[in-house]
Amino acid sequence: MTRVMAGAGSEIRIAMRNRWVAIAVAMMALFALVLSAAGSAPTGQIGADKLSVTVASLTSLAVYLVPLLALLISFDAVAGEIERGTLPLILTYPVSRGEILAGKFLAHLAVLGIALLTGYGVAALAAFAFDPGAAAGMHALVRLLLSSLLLGAAFLGAGYAVSAVSRRPGAAAGAAIGLWLVFVVLYDLGLLAAVIADGGGPFTTRVFPWLLLANPADAFRLYNLAASEAAGAAAGVAGAAQTIPPALALSSLLVWAAGGFALALLAFRRVRP
Amino acid sequence: MLTCSRVTRTFGAVEALRDVSLAVAEGERVALLGHNGAGKSTLMKTILGLIPATSGEIRVAGAAPGDRAAREATAYLPENAAFHPALTGREQIALYLRLRGEPASKAGALLERVGLEQAADRRIGTYSKGMRQRVGLAQALIGRPRLMVLDEPTSGLDPVSRREFYAILADLARDGTAILLSSHALTEVEARTDRIAILSKGRLVANDTLANLRREAGLPIQIQVAARPDTVGDVARRLDGTRVNGVRVDLTCAHGEKLSRLGQIARLGGMIEDVEVIPPSLEDLYTHFSRRADQ
Numbered sequence: 001m002t003r004v005m006a007g008a009g010s011e012i013r014i015a016m017r018n019r020w021v022a023i024a025v026a027m028m029a030l031f032a033l034v035l036s037a038a039g040s041a042p043t044g045q046i047g048a049d050k051l052s053v054t055v056a057s058l059t060s061l062a063v064y065l066v067p068l069l070a071l072l073i074s075f076d077a078v079a080g081e082i083e084r085g086t087l088p089l090i091l092t093y094p095v096s097r098g099e100i101l102a103g104k105f106l107a108h109l110a111v112l113g114i115a116l117l118t119g120y121g122v123a124a125l126a127a128f129a130f131d132p133g134a135a136a137g138m139h140a141l142v143r144l145l146l147s148s149l150l151l152g153a154a155f156l157g158a159g160y161a162v163s164a165v166s167r168r169p170g171a172a173a174g175a176a177i178g179l180w181l182v183f184v185v186l187y188d189l190g191l192l193a194a195v196i197a198d199g200g201g202p203f204t205t206r207v208f209p210w211l212l213l214a215n216p217a218d219a220f221r222l223y224n225l226a227a228s229e230a231a232g233a234a235a236g237v238a239g240a241a242q243t244i245p246p247a248l249a250l251s252s253l254l255v256w257a258a259g260g261f262a263l264a265l266l267a268f269r270r271v272r273p
Numbered sequence: 274m275l276t277c278s279r280v281t282r283t284f285g286a287v288e289a290l291r292d293v294s295l296a297v298a299e300g301e302r303v304a305l306l307g308h309n310g311a312g313k314s315t316l317m318k319t320i321l322g323l324i325p326a327t328s329g330e331i332r333v334a335g336a337a338p339g340d341r342a343a344r345e346a347t348a349y350l351p352e353n354a355a356f357h358p359a360l361t362g363r364e365q366i367a368l369y370l371r372l373r374g375e376p377a378s379k380a381g382a383l384l385e386r387v388g389l390e391q392a393a394d395r396r397i398g399t400y401s402k403g404m405r406q407r408v409g410l411a412q413a414l415i416g417r418p419r420l421m422v423l424d425e426p427t428s429g430l431d432p433v434s435r436r437e438f439y440a441i442l443a444d445l446a447r448d449g450t451a452i453l454l455s456s457h458a459l460t461e462v463e464a465r466t467d468r469i470a471i472l473s474k475g476r477l478v479a480n481d482t483l484a485n486l487r488r489e490a491g492l493p494i495q496i497q498v499a500a501r502p503d504t505v506g507d508v509a510r511r512l513d514g515t516r517v518n519g520v521r522v523d524l525t526c527a528h529g530e531k532l533s534r535l536g537q538i539a540r541l542g543g544m545i546e547d548v549e550v551i552p553p554s555l556e557d558l559y560t561h562f563s564r565r566a567d568q
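Chains as they are written, first to last, in this note's numbering: chain P, 1 to 273; chain Y, 274 to 568.
Quick caveat, the hints were computed from the structure, so don't treat them as lab data.
Be a bit skeptical, because a hint or two may be false.
To be verified - With the C-beta cut set under 7 angstroms, the calculated list includes, among others, these residues of chain Y facing chain P:
id: 1; residue: Leu321
id: 2; residue: Leu323
id: 3; residue: Pro325
id: 4; residue: Arg344
id: 5; residue: Glu345
id: 6; residue: Tyr349
id: 7; residue: Ala355
id: 8; residue: His357
id: 9; residue: Ala359
id: 10; residue: Leu368
id: 11; residue: Arg371
id: 12; residue: Leu372
Unchecked claim - Pair ranges (Cβ atoms, derived):
id: 13; chain 1: P; residue 1: Gly85; chain 2: Y; residue 2: Gly374; range: 45 to 51 angstroms
id: 14; chain 1: Y; residue 1: Glu463; chain 2: P; residue 2: Arg84; range: 44 to 50 angstroms
id: 15; chain 1: P; residue 1: Arg84; chain 2: Y; residue 2: Arg395; range: 15 to 21 angstroms
Here the structure is a predicted model, which is why all the values come from computation and not from measurement.
We put the CB at the ideal spot given by N, CA and C, even for glycine.
The following block holds chain P by itself, in its conformation from the complex (with noise of 0.2 angstroms):
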């Protein structure tokens, strides 16, 4: 545990002088004010409080912006390793890789938990301020915080099997971004184009809400509006959400985070120094 810790003070070290702290958090704090400067219009006909309606626009802002912070973060982690050079060295030191890779993990699971902070408690101070009765939304907040972190970790894992795969960074952060085009934005497309040649068959009552468990941005979008009082503030997968328990969805989320970092060490291993 303490080579795991070591590595990951390291690495924190690294992104805090990389930047990638100062561009993650600049990231979530900007797009929650546009978000929370955006919904401060009165919301009285929906009957919610105004942080539940806020965490509702963060879960369709954080579905997108979350996956993407953490393949940001992640997609160096091995190709860079491999290109400058300093893999094999430590591939020497007593550590096996498993804990290599855990201490970077930690270290932009940290990074990204910093961001969200700081990117949800702007949002929740806003709402606070237009809404006295926001308390109510605070569970749900915390929630999404969480939520948001099993989705990171699920993509750093991703992102760490990119780049063990890639062997360099270029092509790793090609691959990043393909990664996250499948799963955030043509995923849902080719669902709702299934849906729609469907026309509410035995596919959309039947293999489309496990279709979209199987997807970890999903999973993180059903788990929130599921749970969320204000899930008709949301439009999109709501009418599923109601079909599938939050339980589900949010075992999808572990399955999914536990999941990408076995996938991970499962590349990294096989990387020949």
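Model the placement of chain Y on the given structure of chain P, informed by the hints.
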């Protein structure tokens, strides 16, 4: 401390190492020489457990290469040691210390030992190649390694640093560390290692002390006689040597004839100014053994 027996490593159809048997005992410094692509780095990486051998056996401190026990006993300095440019020298060494289970506070002393105390808190991105090489050496000194594997350790170091570097190696060897180092600079390993191993196209073609290699190769010794302009023709005739310029005559002789030849020269007395005996250099030996293996 290190034994390799009949180690073979193939990459596809290419045999990078073939039947290499080599041992390094405690306190012994062995220089591994060879052309680019002769298999030096491959052998080192196999010893470190970074790449597995296709066949043959390697033992490092009694363990298989890459085992935790072997890695704990071994320090490695890669060719062109590279580090994260965003970390300072002190932070980088502190990380390596903690990975070996040592307190990070020892970083200052290690950096001082390799002459980097002034730059310890600057980022490695600002270091010169020689300074990075010193960081590499500092990490290799962590925790009294029992086996050191050094790949081209002095490339990028200036002559003074090289001397300091070999002084550190001598200290380590005195304390019982087994050292295997590769080098292109033959003249510098000549006096500073105990044994020379030569790899050629993946095969070990020589493995002995310098004196024994000289004897085995039987290469001629060169004698340079400095005469005066008025005597040089006479000296060349009497010694049956080659006149090189207005004052110098060159002779070559086998190892066994050396003393009788020198006696001949000494009898010339006042006709000559000076005499110089040049034994076959490591370059000559290296060329001899590499070429012999090709035939």
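Results of checking the hints against the structure:
1. Leu321: holds (5 angstroms)
2. Leu323: holds (5 angstroms)
3. Pro325: With a minimum Cβ separation of about 9 angstroms from chain P (threshold 7 angstroms), the hint on Y:Pro325 is violated.
4. Arg344: With a minimum Cβ separation of about 4 angstroms from chain P (threshold 7 angstroms), the hint on Y:Arg344 holds.
5. Glu345: holds (5 angstroms)
6. Tyr349: holds (4 angstroms)
7. Ala355: holds (4 angstroms)
8. His357: Because about 6 angstroms separates Y:His357 from the closest Cβ in chain P, which is inside the 7 angstroms limit, the hint holds.
9. Ala359: At about 4 angstroms, which falls below the 7 angstroms cut-off, the nearest Cβ of chain P leaves the hint on Y:Ala359 intact, so it holds.
10. Leu368: Nearest chain P Cβ about 5 angstroms off; hint holds.
11. Arg371: Hint holds; Y:Arg371 Cβ to chain P Cβ min 4 angstroms, cut 7 angstroms.
12. Leu372: holds (5 angstroms)
13. P:Gly85 with Y:Gly374: 45 to 51 angstroms: The hinted range 45 to 51 angstroms is violated for P:Gly85 and Y:Gly374, with Cβ atoms some 25 angstroms apart.
14. Y:Glu463 with P:Arg84: 44 to 50 angstroms: violated (34 angstroms)
15. P:Arg84 with Y:Arg395: 15 to 21 angstroms: holds (18 angstroms)
Violated hints, in rising order: 3, 13 and 14; the structure is consistent with all others.
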